[in-house]
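Undergrad: Numbering (full-length UniProt numbering), first residue to last: 1 to 406.
Keep in mind that the hints were calculated from the coordinates and are not lab data.
Everything numeric in this text was worked out from a predicted model, so none of it was measured.
Among these hints, one or two may not hold up.
Said to hold, decoys possible - For each label pair, taking beta carbons as the anchor points, the in silico distance ranges come out as:
| id | residue 1 | residue 2 | range |
| --- | --- | --- | --- |
| 1 | A183 | G122 | 34 to 40 Å |
| 2 | D76 | N163 | 31 to 37 Å |
| 3 | L58 | V405 | 37 to 43 Å |
| 4 | Q400 | N273 | 30 to 36 Å |
| 5 | H131 | P252 | 46 to 52 Å |
| 6 | M309 | D387 | 32 to 38 Å |
| 7 | S391 | K73 | 19 to 25 Å |
Glycine included, every Cβ here is placed at the ideal spot set by N, Cα and C.
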Amino acid sequence: MDLDSSDEEIYLLARLLEIEHRKRKRKRKQIWVKHIWKNRLIHGEFHTIFEELKRDSLKFYEYYRMEYWQFLKLTDLLRVHITKKTTNYRCTITAEERLTVTLRFLITGCSFKNLSFNFRMGISTVHSIIHETIRVICDVLMPIVMQMPDEEMWEKVSRDFFNIWNFPNCLGAIDGKHVNIQAPDNSGSLYNNYKNFFSTVLLAVVDAKYSFLIVDVGSYGKNSDGGILQNSKFWKKLNTNKLKLPPNKPLPSTTESLPHVFIGDEAFPLSNNILRPYPREQARTELSKKVFNLRLSRARKVVECAFGMLTQRFEIYQKRMKIQPKYCDLIILATTCLHNFLIENRTPGQENEFHSNINLLTAITDNNNENSSNSDAVLTTRNKFKDYFSSSGALDWQDQVATRVS
């Protein structure tokens, strides 16, 4: 009995020593971690690289995906909303550093943990900075660079599509982009798309110069582009005449008034204000329909280019977003606003840098399905555009290019 009692005392003593050892180890780790954060002003990424980058414009652009003067302008717009007061207990993180942390998150898709070590900040601090700054970007930039168009703005968009892409009465190119996300809890197959990964969807209308006019986010990945459109706020406003579209207008050198339209690929429905290509079988036997498909797809490429620019600038789109869908939606809104901000604040001479990169030979949409319930008026509208592109609106090169595509 005494032996058992002695063994129990030894066991308890050993457990107490183990617990004490763990406490000391944890305390040493906490002191070490706090020491790292205290060195932010000396070893943090922003403080070690920002001044050097300012002196090298190419490296600055590579790091921030924007020029220094654009960064300064953006910071000035956001400063009052993201700057914290310095107190006796803390040295505040500047607006420039807060924006840098957020941009690097969007540009690299880096985890909060890695950003924490890079910038010498606690993970909770990084998390707080990014979420707050992303919300401010949406709140501040959206009224400036993505306000809902009025009739005057729609007319300017239409002029740009005609002057740049030779497509009259066009108010924008429409398409959807699946954004890869981590499967949300208890979501079942709602976010699982046809490519067999989980996604939320960005539905966008893009103008002739690659800016986002309208973005609609948050649709389930399982929906098709057409289904996403019909469940979107954009579609509801379009069908209730709340988009303030310009009145019908004749195509150049014609007399009959036709509606202004948005252009999409075969995934979207043909309607009074949406044009899609002719089915492949029809275009194969009629050159004028093949030319129409060529001209429509050439102008529609602006939305694909806009998505490409967005993905290349913000590599977070190239990775799976491991955050809740509602935060993914904010990231999408913030990055499209930043995209527009940079488009509007380009260096002179950059405006046409993408125009010549449209591949005409791959611009014809390959589709062979069409809803037979389309009204005569809708079909007539598309036919009027077709006839225009093969008569007074013809371009010198179009027939040769169209005949080279099977």
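Undergrad: Please go over all the hints and tell whether each is borne out by the structure.
TA: Going through the hints against the structure:
1. Distance hint check for A183 and G122: the Cβ-Cβ separation is about 28 Å, which falls outside the suggested range of 34 to 40 Å.
2. Under the hint 31 to 37 Å, the C-beta atoms of D76 and N163, about 33 Å apart, fit the expected range.
3. Between L58 and V405 the C-beta distance comes to about 39 Å, which sits within the given range of 37 to 43 Å.
4. Checked against the hint of 30 to 36 Å, the pair Q400 and N273 passes, with Cβ atoms roughly 31 Å apart.
5. At about 49 Å, the beta-carbon gap between H131 and P252 stays in the expected band of 46 to 52 Å.
6. Distance hint check for M309 and D387: the Cβ-Cβ separation is about 34 Å, which falls inside the suggested range of 32 to 38 Å.
7. The hinted window of 19 to 25 Å between S391 and K73 is violated, with their beta carbons roughly 46 Å apart.
Violated hints for the displayed structure, listed by number in ascending order: 1, 7.
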